Amino acid sequence: GAVVSQHPSWVICKSGTSVKIECRSLDFQATTMFWYRQFPKQSLMLMATSNEGSKATYEQGVEKDKFLINHASLTLSTLTVTSAHPEDSSFYICSARGGPSQNTGELFFGEGSRLTVL
Amino acid sequence: KQEVTQIPAALSVPEGENLVLNCSFTDSAIYNLQWFRQDPGKGLTSLLLIQSSQREQTSGRLNASLDKSSGRSTLYIAASQPGDSATYLCAVRARSGGGADGLTFGKGTHLIIQP
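Just so you know, the protein sequences line up as chains A and B, in that order.
Our numbering applies: residue 1 is where the first sequence begins, and numbers increase by one.
Our numbering applies: residue 1 is where the second sequence begins, and numbers increase by one.
It should be emphasised that the hints constitute simulated quantities derived from the structure, not laboratory data.
This one's a predicted model, so the numbers in the text were calculated from it and none came from an experiment.
Heads up, a few of these hints could be off.
Stated by the list, open to error - Think about it this way: if two alpha-carbon atoms lie no more than 25 angstroms apart in a straight line, the pair counts; the simulated SDA-like pairs of lysine to any residue are:
#1 Lys-42(B) with Ser-54(A)
#2 Lys-41(A) with Ser-12(B)
#3 Lys-107(B) with Trp-10(A)
#4 Lys-1(B) with Gln-60(A)
#5 Lys-41(A) with Pro-14(B)
#6 Lys-42(B) with Ser-43(A)
#7 Lys-20(A) with Thr-116(A)
#8 Lys-64(A) with Gln-2(B)
#9 Lys-14(A) with Lys-1(B)
#10 Lys-42(B) with Ser-69(B)
#11 Lys-42(B) with Pro-86(A)
#12 Lys-107(B) with Tyr-58(A)
Start from the sequences, fold in the hints, and give me the full structure.
Rendered as structure tokens:
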């Protein structure tokens with residue numbers, strides 16, 4: 001299957017700082033990327049959808065000014081958590097669709113990034 | 001709004017047993033259904049993808065079925081092994097994606113295979 005890579009895999013930051021998480025499709029061009037967050041023992045919740053070269057579409061209740069998403073190329077999307085607070089601590093996972101999965105709609109996921117805000 | 005429910009929430013069985021994980025969804029207008037595996041602290045590994053026009057998919061010891069009209073899917077694991085221990089997630093993609101057609105996930109079934 002297609003490979004999606006996330007970086008960093010974990011990050012600890014102080015409250016009030018901003019953190020950037022990268023999501024890359026390594027062996028295919030991702031026309032669409034999705035960002036999810038997952039709290040302990042909870043399901044994945046879709047935060048936003050991004051298409052290359054256009055603004056991200058955010059789910060209801062997700063603050064677009066707090067969670068900045070950029071999909072500048074067909075292989076890279078970034079999520080920036082601005083002015084992070086302890087309640088933003090979570091597991092953030094990206095997924096991508098494109099290339100071999102464009103017709104089937106199959107999604108491939110990154111390894112996730114665990115954010116801890118002190 | 002689509003809701004996905006997985007039963008049971010947790011399951012522990014001895015090695016070698018065959019088992020079934022259940023997934024139900026409230027809106028049958030789906031594009032596809034995907035089963036994933038998630039190991040602790042890790043991302044998701046895609047196991048099987050079933051298109052809305054299909055009834056089942058098989059990969060090795062895994063078999064997934066889909067009954068769209070009743071809003072149900074099952075994941076059958078044959079001859080379970082300790083390495084199968086993980087959380088199994090079911091997710092559906094809506095047919096009418098609109099601006100955001102990501103997946104709607106269930107909460108998962110936490111599976112433990114006892115050696």
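Taking the hints in turn, this is what the structure says about them:
Simply put, Lys-42(B) and Ser-54(A) have alpha-carbon atoms about 29 angstroms apart, too far for the 25 angstroms limit, and the pair is violated. For the suggested pair Lys-41(A) and Ser-12(B), the alpha carbons sit about 17 angstroms apart, so the restraint of at most 25 angstroms is met. A threshold of 25 angstroms between alpha carbons decides the hint, and for Lys-107(B) with Trp-10(A) the separation of about 23 angstroms falls inside it, so the pair holds. Distance restraint check for Lys-1(B) and Gln-60(A): the Cα-Cα separation of roughly 12 angstroms lies within the 25 angstroms cut-off, and the hinted pair is therefore satisfied.
Between the alpha carbons of Lys-41(A) and Pro-14(B) the distance comes to roughly 23 angstroms, so the proposed pair stays at or under 25 angstroms and holds. Annotation: proposed proximity of Lys-42(B) to Ser-43(A) holds, straight-line Cα distance about 13 angstroms (limit 25 angstroms). About 13 angstroms separates the Cα atoms of Lys-20(A) and Thr-116(A), which keeps this hinted pair within 25 angstroms; it holds. Pair hint Lys-64(A) plus Gln-2(B) holds up; C-alpha atoms about 23 angstroms apart against a cutoff of 25 angstroms.
Proximity of Lys-14(A) to Lys-1(B) is assessed by CA-CA distance (about 36 angstroms); at most 25 angstroms being required, the pair is judged violated. Distance restraint check for Lys-42(B) and Ser-69(B): the Cα-Cα separation of roughly 33 angstroms exceeds the 25 angstroms cut-off, and the hinted pair is therefore not satisfied. Between Lys-42(B) and Pro-86(A), the direct Cα distance comes to roughly 21 angstroms. Compliance with the 25 angstroms bound is thereby established for this hinted pair. For the proposed pair Lys-107(B) and Tyr-58(A), the alpha carbon gap of about 21 angstroms is at most 25 angstroms, so the pair holds.
Figure legend: structure checked against the earlier numbered hints; hints not met, in rising order: 1, 9 and 10.
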